[in-house]
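**Student:** Each chain, letter by letter, is given below.
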Amino acid sequence: MYPVLFQNEPFTIYSLGLLLALAAVCAAYVVRLELKRYRLDPELAASMVFAAVAGGLVGARLLFILEEWNAFLRSPWDFIFSGAGFSWYGGLIGGIIAVTWCVRRRRILWLKAADISAPALALGYGVGRIGCFLAGDATWGKVTDVPWAMAFPNAVAGWVDPLTGVPYPPGAKVHPTQIYESIQSLIIFGILWSLRKRGYPNGTIFGFI
Amino acid sequence: MVSQKKRVSERNHFWLYLILAGSMRFIVEFWRANPVMAFSMTEYQWFSLGLIVLGGSYIYGQVAERPRYIEDEPFDIRLKKPKGG
Numbered sequence: 001m002y003p004v005l006f007q008n009e010p011f012t013i014y015s016l017g018l019l020l021a022l023a024a025v026c027a028a029y030v031v032r033l034e035l036k037r038y039r040l041d042p043e044l045a046a047s048m049v050f051a052a053v054a055g056g057l058v059g060a061r062l063l064f065i066l067e068e069w070n071a072f073l074r075s076p077w078d079f080i081f082s083g084a085g086f087s088w089y090g091g092l093i094g095g096i097i098a099v100t101w102c103v104r105r106r107r108i109l110w111l112k113a114a115d116i117s118a119p120a121l122a123l124g125y126g127v128g129r130i131g132c133f134l135a136g137d138a139t140w141g142k143v144t145d146v147p148w149a150m151a152f153p154n155a156v157a158g159w160v161d162p163l164t165g166v167p168y169p170p171g172a173k174v175h176p177t178q179i180y181e182s183i184q185s186l187i188i189f190g191i192l193w194s195l196r197k198r199g200y201p202n203g204t205i206f207g208f209i
Numbered sequence: 001m002v003s004q005k006k007r008v009s010e011r012n013h014f015w016l017y018l019i020l021a022g023s024m025r026f027i028v029e030f031w032r033a034n035p036v037m038a039f040s041m042t043e044y045q046w047f048s049l050g051l052i053v054l055g056g057s058y059i060y061g062q063v064a065e066r067p068r069y070i071e072d073e074p075f076d077i078r079l080k081k082p083k084g085g
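If you read the protein sequences in the order shown, they are chains A and G. Here the numbering used here is used: position 67 in the first sequence is 67, and no number is missing along the way. Here the numbering used here is used: position 49 in the second sequence is 49, and no number is missing along the way.
Hint data in this document are derived by calculation from the structure and do not stem from the laboratory. Treat the hints with caution; some may be incorrect.
What follows is a list of derived Cβ distance ranges for each label pair [said to hold, decoys possible]: (1) G:Val53 with A:Ala54: 25 to 33 Å; (2) G:Trp46 with A:Lys36: 32 to 40 Å; (3) G:Met37 with A:Gly17: 38 to 46 Å.
Built from N, CA and C at the ideal position, the CB exists for glycine as well.
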């Protein structure tokens, strides 16, 4: 699709980087609103999102290395610094660990922080997946002939089958699953955001702990 | 009186997120090009199943342990002032 949105030497704006940054900004804004509503320091939003991004990237990379362990053993340093290959669930686990560390230092209950983070996580994921779609990072789906099927000839990951590494034949189209996931995640955000407006008991939201 | 349903929906955003995100990823994996790991399911579908079970069991456990709400609590609990200093 459009891996590079803008290029004017020496500046290049990559769609994936821009959308990931936008996802972080959106998440930080939502976390800030939630922190305010919980009468917590809204400035903590930046720290929480930074921790989530850093922990998420490390976790996503680590799980990907575990998934591709044999390839990693063959050439570990090249593998680590290649800049490609992240696993979403590794990112989720890494992000949770990092945010836990961040909020425990401020003596905020973990479950409260988790509730605060949940809508932001859904929104950030939804926006970030648009970046995957624009960049073409091999997170597309199987070959199909549905009317909305798409091809990604300019994909940063190369227009090859992610399972076999074999280039797709001319005219092949795939499910744009990045868009499916983006829409799904934005719907989840809408659900969580609408539930949030029903109100919470003051100071006793996690009274069951 | 606030219903049990309302109570559950209000206090479990994170666990609800795990269930919803896990369910949606589980479904989208049918169109993703990921290798099957075991029992015709991909690695991500197993992870998704784990998230759904984790979130579901937490919410279910909360409902089972605390099946009733405080009877005399006013509906608009947001208006209640916090007790103590």
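**Student:** Among all the numbered hints in the text so far, which are the ones the structure does not match?
**Tutor:** Violated hint (a single one): 3; every other hint is consistent with the structure.
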